[in-house]
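Residue numbers 1 to 585, in the working numbering, belong to the letters of the sequence shown in order.
Hints were generated in silico from the structure; no laboratory data involved.
Since this is a predicted model, take the numbers as computed values, not measurements.
Certain hints may be false.
What the hints assert, rightly or not - Derived EDC-like pairs: lysine to aspartate or glutamate, alpha-carbon spacing no greater than 20 Å straight-line: (1) LYS136 to GLU173; (2) LYS414 to ASP371; (3) LYS136 to ASP226; (4) LYS244 to GLU173; (5) LYS244 to ASP316; (6) LYS471 to ASP424; (7) LYS506 to ASP108; (8) LYS506 to GLU312; (9) LYS414 to ASP402; (10) LYS471 to GLU514; (11) LYS506 to ASP316; (12) LYS471 to ASP459; (13) LYS414 to GLU312; (14) LYS244 to ASP226; (15) LYS349 to GLU337; (16) LYS136 to GLU280; (17) LYS244 to GLU202; (18) LYS382 to GLU338; (19) LYS136 to GLU190; (20) LYS506 to GLU483.
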Amino acid sequence: MPPPRPPAPPPYADGPAGRDLAVLVAASVVLAALAMRFSVVSYGLDWLQRRRAAANLDGLLALVVLVPLAATIYSRRRYRDARDAHEQLREQARRSPLTGLPNRSVLDEAINRAARRSHRLASRAAVLYLDVDRFKLVNDTYGHRVGDQLMAALALRLHETVGDDQVLVHLGEDEFVLVCPDVLNLRAAERIGRRLASVAAEPFTIGSDRVRITMSAGATLTSSPDQDPNTAMWQADLAMYHAKSTGSGEVAVFDPSVHGRLLAPRTSEARLREALERGEFTLAYQPVVDLRTGRIVGAESLLRWRHPERGEVGPDEFVPVLEETGLIVAVGRWVLEEAAAQAGRWYRKYGPRAPLRVAANVSARQLAQVDFQDLVDAVVVKSGLGPGSLCLELTEGALMSDIGTAWTVLRHAKNLGVAIALDDFGTGYSSLSYVRRFNLDVLKIDRSFVSGLGTTPEDTAIVAHVIGMAKALGMTVVAEGVEEVMQVRELQRLGCDHVQGWLFGKALPVHEFEQLFERPHPWMAIINGSPPVPMPGEAETYALAVGGSDEVLVVPGTADRPPRLDLRGAGRDHGRPPSPPSSPE
Numbered sequence: 001m002p003p004p005r006p007p008a009p010p011p012y013a014d015g016p017a018g019r020d021l022a023v024l025v026a027a028s029v030v031l032a033a034l035a036m037r038f039s040v041v042s043y044g045l046d047w048l049q050r051r052r053a054a055a056n057l058d059g060l061l062a063l064v065v066l067v068p069l070a071a072t073i074y075s076r077r078r079y080r081d082a083r084d085a086h087e088q089l090r091e092q093a094r095r096s097p098l099t100g101l102p103n104r105s106v107l108d109e110a111i112n113r114a115a116r117r118s119h120r121l122a123s124r125a126a127v128l129y130l131d132v133d134r135f136k137l138v139n140d141t142y143g144h145r146v147g148d149q150l151m152a153a154l155a156l157r158l159h160e161t162v163g164d165d166q167v168l169v170h171l172g173e174d175e176f177v178l179v180c181p182d183v184l185n186l187r188a189a190e191r192i193g194r195r196l197a198s199v200a201a202e203p204f205t206i207g208s209d210r211v212r213i214t215m216s217a218g219a220t221l222t223s224s225p226d227q228d229p230n231t232a233m234w235q236a237d238l239a240m241y242h243a244k245s246t247g248s249g250e251v252a253v254f255d256p257s258v259h260g261r262l263l264a265p266r267t268s269e270a271r272l273r274e275a276l277e278r279g280e281f282t283l284a285y286q287p288v289v290d291l292r293t294g295r296i297v298g299a300e301s302l303l304r305w306r307h308p309e310r311g312e313v314g315p316d317e318f319v320p321v322l323e324e325t326g327l328i329v330a331v332g333r334w335v336l337e338e339a340a341a342q343a344g345r346w347y348r349k350y351g352p353r354a355p356l357r358v359a360a361n362v363s364a365r366q367l368a369q370v371d372f373q374d375l376v377d378a379v380v381v382k383s384g385l386g387p388g389s390l391c392l393e394l395t396e397g398a399l400m401s402d403i404g405t406a407w408t409v410l411r412h413a414k415n416l417g418v419a420i421a422l423d424d425f426g427t428g429y430s431s432l433s434y435v436r437r438f439n440l441d442v443l444k445i446d447r448s449f450v451s452g453l454g455t456t457p458e459d460t461a462i463v464a465h466v467i468g469m470a471k472a473l474g475m476t477v478v479a480e481g482v483e484e485v486m487q488v489r490e491l492q493r494l495g496c497d498h499v500q501g502w503l504f505g506k507a508l509p510v511h512e513f514e515q516l517f518e519r520p521h522p523w524m525a526i527i528n529g530s531p532p533v534p535m536p537g538e539a540e541t542y543a544l545a546v547g548g549s550d551e552v553l554v555v556p557g558t559a560d561r562p563p564r565l566d567l568r569g570a571g572r573d574h575g576r577p578p579s580p581p582s583s584p585e
């Protein structure tokens, strides 16, 4: 006996919004057209995540390029049910089943968010690594059931102690991490750790047992808004082990000078030299955006270390060792060669129609090398660079460390068509006369001044003065560390040329940078003075035929709605082609 036929689809409002799924999925031409037209596919999904609490989200959203078309064809009711179930599972996956606290999966996000917020407030974010002393002894004495109950009780006690803006994470078993935004200094972070250690030392009653424990803590502060979270975690972990070595229930803060002997085994000169030989170093590229056109016009190359066991190691951990040991010269040579080679590849790929200038950072020790000028000659010839495709980026300290050598080398580089940028302007001690003498091409305003734009009159005045001075000298101005729309508005008002920062993208591997460069940029609405919308640059509704008389209507997004698919014809009159809506729903 054949299986029963499925029931007819219910009315459009609650039924499948389309005809036979086989017909729809077979329309590969439509899928290709949608993929080409709407290549920026994540914004609808991001919008969903931000607005997931709403009860009436339309299930027919522009996820078509992420998954097969059939996967987007749900009833509104089914979509709400699926969404709720998905969010419940997602929330469960982000929490510890033992304590109910957020788990390790949220840690990077929490550290990044706290670091960026603290930077805007001219403070720092603290990361504290908490570990119960001799927890194995508790399990051996009372049993694992009591140990689990103890951890749940400790988690509750710690959670009730921390502030609303702080994130307490349960890493597993007896380890916790606390992320605190807006911490003034290490002393304040240490006080937080001592308060938590004191709370943990109060006795617990678990059933008929009265249990006492101690907890050690290690604290560190983030050094920048884009510091690698793994580095902060590692520093806090190192400080915690130092605390344990001094006794139970102790608190220590990370200090490279104090922990130098512990740093050495992990980031020794020999290990870094080995990393260079094994090709473990790589470059990531942060986009530089033109404030007038919104186009990516350049990229700053940033050094990364992909450790085979520890994963990506942040530059804050290993770059100081490179500089201290002198290895910065060898690694800097590799950086310059690789950045120049990439600039050449992009010049050949994109050509004059879309020029990209790649910046490579040059240290004072590199600049002082007798063969540095020969190195610049070699990379220019070998890479096949276009005019202005490569930029040497120096700090004020590097420029002023040996003015005579810097003048000779940089003048030679400019004659080869290499641009010169002065990084972190305003934080060093270069004078206006030297800036003029070196005939620099680019002046980069330090993020410490950019963060106060629109809120701190002094910072706004400094930035306005720097931009005016640079313009008078014929220099291009780049503002670093741009994270807020308000900062963009102020920089546009002041006449800044280019920007880079988290608002426009973090440092990316080559293939991800190229994807960002080649597609419609999500920040175009910001550049053009409009509120950001999920799907920039599209003003009309596109109708695409699917399997006969049905149509797929791609309704553009607004500030309140993401772009979405509207499949007309199901549950209505299949003998008559539908008409597109008079306005986006």
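Here's how the hints hold up against the structure:
1. Only pairs whose Cα atoms come within 20 Å are accepted, and LYS136 paired with GLU173 is accepted, the gap being roughly 10 Å.
2. Only pairs whose Cα atoms come within 20 Å are accepted, and LYS414 paired with ASP371 is accepted, the gap being roughly 17 Å.
3. Between the alpha carbons of LYS136 and ASP226 the distance comes to roughly 37 Å, so the proposed pair goes past 20 Å and is violated.
4. Proposed proximity of LYS244 and GLU173 is supported: the alpha carbons are some 17 Å apart, at most 20 Å.
5. At most 20 Å may separate the alpha-carbon atoms for a hinted pair to count; LYS244 and ASP316 exceed this at roughly 24 Å.
6. Under the criterion of a C-alpha separation no larger than 20 Å, the hint pairing LYS471 with ASP424 is consistent with the structure, at around 17 Å.
7. A C-alpha spacing of about 14 Å is found between LYS506 and ASP108, which places the hinted pair at or below 20 Å, so the restraint holds.
8. Proposed proximity of LYS506 and GLU312 is supported: the alpha carbons are some 15 Å apart, at most 20 Å.
9. For the hint linking LYS414 to ASP402, the alpha-carbon distance of about 18 Å falls within 20 Å, and the restraint holds.
10. A threshold of 20 Å between alpha carbons decides the hint, and for LYS471 with GLU514 the separation of about 30 Å lies outside it, so the pair is violated.
11. Pair hint LYS506 plus ASP316 holds up; C-alpha atoms about 16 Å apart against a cutoff of 20 Å.
12. Distance restraint check for LYS471 and ASP459: the Cα-Cα separation of roughly 18 Å lies within the 20 Å cut-off, and the hinted pair is therefore satisfied.
13. For a cut-off of 20 Å, the pair hint linking LYS414 to GLU312 is broken: about 35 Å separates their Cα positions.
14. At most 20 Å may separate the alpha-carbon atoms for a hinted pair to count; LYS244 and ASP226 exceed this at roughly 29 Å.
15. Taken as a hint, the LYS349 and GLU337 pair is honoured in the structure, with Cα atoms around 18 Å apart against an allowance of 20 Å.
16. Restraint check for LYS136 and GLU280: not satisfied, since their Cα atoms lie roughly 37 Å apart, outside the 20 Å limit.
17. Under the criterion of a C-alpha separation no larger than 20 Å, the hint pairing LYS244 with GLU202 is consistent with the structure, at around 19 Å.
18. Between LYS382 and GLU338 the CA atoms are separated by roughly 11 Å; this keeps the pair inside 20 Å, and the hint holds.
19. Between LYS136 and GLU190 the alpha-carbon distance is near 26 Å, which puts this suggested pair outside the 20 Å criterion.
20. In summary, the hint linking LYS506 to GLU483 is supported, as the alpha carbons are separated by about 11 Å, within the 20 Å threshold.
In summary, the structure is inconsistent with hints 3, 5, 10, 13, 14, 16 and 19 from the numbered list given earlier, while agreeing with the others.
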